[in-house]
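Peer 1: If you read the sequences in order, they're chains E and U. When we follow my numbering, the leftmost residue of the first sequence carries the number 4, and every step to the right adds one. When we follow my numbering, the leftmost residue of the second sequence carries the number 1161, and every step to the right adds one.
A portion of the hints provided could be inaccurate.
[Stated by the list, open to error] Calculated pairs, DSBU-like style, for lysine-lysine (alpha carbon to alpha carbon, straight line, at most 30 Å): (1) E/Lys104 x U/Lys1228; (2) E/Lys104 x U/Lys1184; (3) U/Lys1184 x E/Lys52.
Simulated from the structure, these hints should not be mistaken for laboratory data.
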Amino acid sequence: AQSVTQLGSHVSVSEGALVLLRCNYSSSVPPYLFWYVQYPNQGLQLLLKYTSAATLVKGINGFEAEFKKSETSFHLTKPSAHMSDAAEYFCAVSGYTNAGKSTFGDGTTLTVKP
Amino acid sequence: DAGVIQSPRHEVTEMGQEVTLRCKPISGHNSLFWYRQTMMRGLELLIYFNNNVPIDDSGMPEDRFSAKMPNASFSTLKIQPSEPRDSAVYFCASTPTGGGVYGYTFGSGTRLTVV
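So that you can see chain U by itself, here it is in the shape it has in the complex (with noise of 0.2 Å):
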């Protein structure tokens, strides 16, 4: 199994641009979710899905921030405008539904920087 892939691995662009993050969580895993990490924040839970559908997106901080899951392969996170207060690593992480047993396997994260 390939694990989380997440894309791009790097990503920089300039403030005021849209910026897509991608990620293909493993297959057979029902729920997704997207994390920021920063120095300051630390690890945040943006937003997560199971089986497909939004179940809680109050970690988003703003409405520039939206994310979508077409279906059980692949996911977005998106930033339109983008910031410079946006720059972070950005994860995303699956785990089967299954109650909570299984912990979670993460992707290796998308550095963004907002200059």
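Chain E extracted, bound-state conformation (with noise of 0.2 Å):
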């Protein structure tokens, strides 16, 4: 079985300042992780995906995440938000399954200020 807490479902930071959005996993097997966004009046895009390769994933936008097996996490961070940042943003959990089906957490709403 495999579940997604992200912590905090909204998050607000000023232009320019250090996004972090929190995810932490629970998983029977070697996870594959991933970070979707989802702008208003839109469909999920895939961010950046974690797949046992290097565990800091660097994603579009200027995003990148970290995956800390010891601390079952896969935090997402950007060093300077920008306006266009302001998103829902979902972190997701698969193992090996031959259908690839993904269990997601629940969202995080970023605001960005100016």
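With the hints as a guide, bring both chains together as one complex.
Peer 2: What follows is the structure, given as structure tokens:
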């Protein structure tokens, strides 16, 4: 069984500040981990993924995430927030299954203040 | 590649009417997922298919909901009869078969309003 917990349903930062969105996972098998972004009135878009290669993963728009097995975490960071980063972010976990099914967290809404 | 294509983008219907949502996955993607998103309940997995076969439909809320995948390039989600509480954004997503490594590609969604 797999699950994901996103800590904080809403995060607010000032433009130029560090963005940190937290994700902890639970998995009985080696996990694959994902972050997705959803802009208003759009579908979810894959931001980055961890698939057991490098533990520090870089994604689009300057985001990165670090897989920490000892902490069962996969937090998403960006050094400097931009107004365009305002969106909802979802963490997801999957294991090796033929159908490739992922389990999603509840999402974190990021607000960027000018 | 055109991505995952959903139609219609918006649907407004009256309570009791039949609604059919359509999805065309990315060519070569063997798994297809239907999700529903609302403010109250977030993102809910309704059903998913692998190689056109339904694998898990435990998320389908009621018998009013049904889904089919007659071939690798087309899937439908049908609600009959529709109710106001079915109002939501419905997403389709696809992924290649390969153990969950790839992540999903989502469509733009269908915003359903039942009045």
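Peer 1: Within a Cα-Cα threshold of 30 Å, do E/Lys104 and U/Lys1228 meet the stated pairing?
Peer 2: 18 Å, holds
Peer 1: Quick one, are U/Lys1184 and E/Lys52 close enough, alpha carbons at most 30 Å?
Peer 2: 24 Å, holds
Peer 1: Has the given pair, E/Lys104 with U/Lys1184, been kept, meaning a C-alpha gap of at most 30 Å?
Peer 2: 18 Å, holds
Violated hints are absent here; each numbered hint is respected by the structure.
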